[in-house]
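Engineer: From first to last, the protein sequence lines are chains A and B. The first sequence lines up with residues 2 to 131 when you count with this note's numbering. The second sequence lines up with residues 4 to 157 when you count with this note's numbering.
Because the hints were derived from the structure by calculation, they are not lab data. Any given hint might turn out to be false.
Computed cross-link-like contacts, DSS-like style, restricted to lysine-lysine with a CA-CA straight-line distance of at most 30 Å [claimed, not checked]:
no.	chain 1	residue 1	chain 2	residue 2
1	B	Lys113	A	Lys87
2	A	Lys92	B	Lys88
3	A	Lys84	B	Lys6
4	B	Lys88	A	Lys63
5	B	Lys113	A	Lys63
6	A	Lys87	B	Lys131
7	B	Lys123	A	Lys122
8	A	Lys114	A	Lys42
9	A	Lys78	A	Lys122
10	A	Lys69	B	Lys140
11	A	Lys114	B	Lys9
12	A	Lys87	B	Lys88
13	A	Lys84	B	Lys123
14	A	Lys104	A	Lys64
15	A	Lys122	B	Lys41
16	B	Lys113	B	Lys41
17	A	Lys122	B	Lys113
18	A	Lys87	B	Lys140
19	A	Lys64	B	Lys140
20	B	Lys123	A	Lys126
21	A	Lys46	A	Lys122
22	A	Lys64	B	Lys41
23	B	Lys41	A	Lys84
24	A	Lys64	B	Lys88
25	B	Lys113	A	Lys126
26	B	Lys113	A	Lys42
27	B	Lys140	A	Lys78
28	A	Lys122	B	Lys88
29	B	Lys88	A	Lys78
30	B	Lys123	A	Lys107
31	A	Lys63	B	Lys41
32	B	Lys123	A	Lys99
33	B	Lys113	A	Lys84
34	B	Lys88	A	Lys99
35	A	Lys92	B	Lys6
36	B	Lys123	A	Lys92
37	B	Lys88	A	Lys84
38	B	Lys123	A	Lys69
Nothing here was measured: the structure is a model prediction, and the numbers come from that model.
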Amino acid sequence: MKKLNLSLGLLLIALSFAFTSSASEKEEPNEKTIQMSEEVKAVVKNSCFGCHNTDSRNDDAKKDLDFKTWHELSTVKQLGALKDIKEVLTKNEMPPEKFLEHKPDKALSDDQKELLIVWVKEQSKSLLSQ
Amino acid sequence: MRKILKVLLVVVVVALIVIQFIQPEKNEGGIETNHLLKQEQVPAEVSAILTNACLDCHSDQTNYLWYHQVAPVSFFINNHIHEGKSELNLSDWGTMDILDKIGTMEDIAKEVEEGEMPLKSYTLIHPKARLSEQERKTLIDWAESMSERLLTGE
Numbered sequence: 002m003k004k005l006n007l008s009l010g011l012l013l014i015a016l017s018f019a020f021t022s023s024a025s026e027k028e029e030p031n032e033k034t035i036q037m038s039e040e041v042k043a044v045v046k047n048s049c050f051g052c053h054n055t056d057s058r059n060d061d062a063k064k065d066l067d068f069k070t071w072h073e074l075s076t077v078k079q080l081g082a083l084k085d086i087k088e089v090l091t092k093n094e095m096p097p098e099k100f101l102e103h104k105p106d107k108a109l110s111d112d113q114k115e116l117l118i119v120w121v122k123e124q125s126k127s128l129l130s131q
Numbered sequence: 004m005r006k007i008l009k010v011l012l013v014v015v016v017v018a019l020i021v022i023q024f025i026q027p028e029k030n031e032g033g034i035e036t037n038h039l040l041k042q043e044q045v046p047a048e049v050s051a052i053l054t055n056a057c058l059d060c061h062s063d064q065t066n067y068l069w070y071h072q073v074a075p076v077s078f079f080i081n082n083h084i085h086e087g088k089s090e091l092n093l094s095d096w097g098t099m100d101i102l103d104k105i106g107t108m109e110d111i112a113k114e115v116e117e118g119e120m121p122l123k124s125y126t127l128i129h130p131k132a133r134l135s136e137q138e139r140k141t142l143i144d145w146a147e148s149m150s151e152r153l154l155t156g157e
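Extracted from the complex, chain A is given alone in its bound form (with noise of 0.2 Å):
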């Protein structure tokens, strides 16, 4: 099943990278615009991309951050995304409030926040390290 997934994944670059723009479904992260596991796509797709992508209604929240563009981001930019990221989840500002009450099941667990902050250093530390 993991060499499966390898070569899944591998197929999945290289297509990327001949095509410049891709019909992504609406609801999935593009795989070309971020390094995600599994877990955090996951996380990710349940409780942050509805709002934060180009297609969302949600004018602002997709000017603050919007996955399916992220790969237009300078290394600078995607630093600062990251950093923001962190900070919303860490004083637990995101998702809103205002959106949980109508829509509970997208609260993201101490569990499943703690993943996502672990994601962001990643990411920052591998983006630092380029």
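Since the structure of chain A is already known, use the hints to place chain B on it.
Structural biologist: Using the frame of chain A, we list chain B on its own:
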């Protein structure tokens, strides 16, 4: 009716006098070693903008005017300073790791560009903090070049 008004007036005056005795701690830590301006070579123009428009709330040194020490104004000021420092304290620049520094510069650029900072309530009372378009651009350009420099290790 008149009596009630008189009593009310006395109560307000007494309250105003009493609250003068509640003095929030002053933010006068000075400009120490870890301060951004001590740690980095900041162009004079940028340094002036930072001093006039940012550092009162975003450092350990606030330059108070006499009426800042009168309650309840002093309470609002203290609250602003407290919140400002918790978001960003440039007196701690030297202690920040590189990722924090880069993120900070990016945040500065973003907040200034979006017009979120300096706060309108601050610029209302501090004319020197009212940044012109050119001053904003100078500050943003500087912040962005700082973050690039930090990333590439100068």
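Engineer: If a hint holds in the structure, say so; if it does not, say that too.
Structural biologist: Hint-by-hint comparison with the structure:
no.	hint	verdict
1	Lys113(B) to Lys87(A)	holds (17 Å)
2	Lys92(A) to Lys88(B)	holds (16 Å)
3	Lys84(A) to Lys6(B)	violated (59 Å)
4	Lys88(B) to Lys63(A)	holds (27 Å)
5	Lys113(B) to Lys63(A)	holds (15 Å)
6	Lys87(A) to Lys131(B)	violated (34 Å)
7	Lys123(B) to Lys122(A)	violated (34 Å)
8	Lys114(A) to Lys42(A)	holds (13 Å)
9	Lys78(A) to Lys122(A)	holds (15 Å)
10	Lys69(A) to Lys140(B)	holds (28 Å)
11	Lys114(A) to Lys9(B)	violated (57 Å)
12	Lys87(A) to Lys88(B)	holds (18 Å)
13	Lys84(A) to Lys123(B)	holds (25 Å)
14	Lys104(A) to Lys64(A)	holds (22 Å)
15	Lys122(A) to Lys41(B)	holds (28 Å)
16	Lys113(B) to Lys41(B)	holds (24 Å)
17	Lys122(A) to Lys113(B)	holds (21 Å)
18	Lys87(A) to Lys140(B)	holds (27 Å)
19	Lys64(A) to Lys140(B)	holds (20 Å)
20	Lys123(B) to Lys126(A)	violated (36 Å)
21	Lys46(A) to Lys122(A)	holds (19 Å)
22	Lys64(A) to Lys41(B)	violated (34 Å)
23	Lys41(B) to Lys84(A)	holds (24 Å)
24	Lys64(A) to Lys88(B)	holds (26 Å)
25	Lys113(B) to Lys126(A)	holds (22 Å)
26	Lys113(B) to Lys42(A)	holds (27 Å)
27	Lys140(B) to Lys78(A)	holds (17 Å)
28	Lys122(A) to Lys88(B)	holds (23 Å)
29	Lys88(B) to Lys78(A)	holds (23 Å)
30	Lys123(B) to Lys107(A)	violated (35 Å)
31	Lys63(A) to Lys41(B)	violated (37 Å)
32	Lys123(B) to Lys99(A)	holds (26 Å)
33	Lys113(B) to Lys84(A)	holds (13 Å)
34	Lys88(B) to Lys99(A)	holds (27 Å)
35	Lys92(A) to Lys6(B)	violated (50 Å)
36	Lys123(B) to Lys92(A)	holds (24 Å)
37	Lys88(B) to Lys84(A)	holds (17 Å)
38	Lys123(B) to Lys69(A)	violated (33 Å)
Hint compliance for this structure: hints 3, 6, 7, 11, 20, 22, 30, 31, 35, 38 are not met, and every other hint is.
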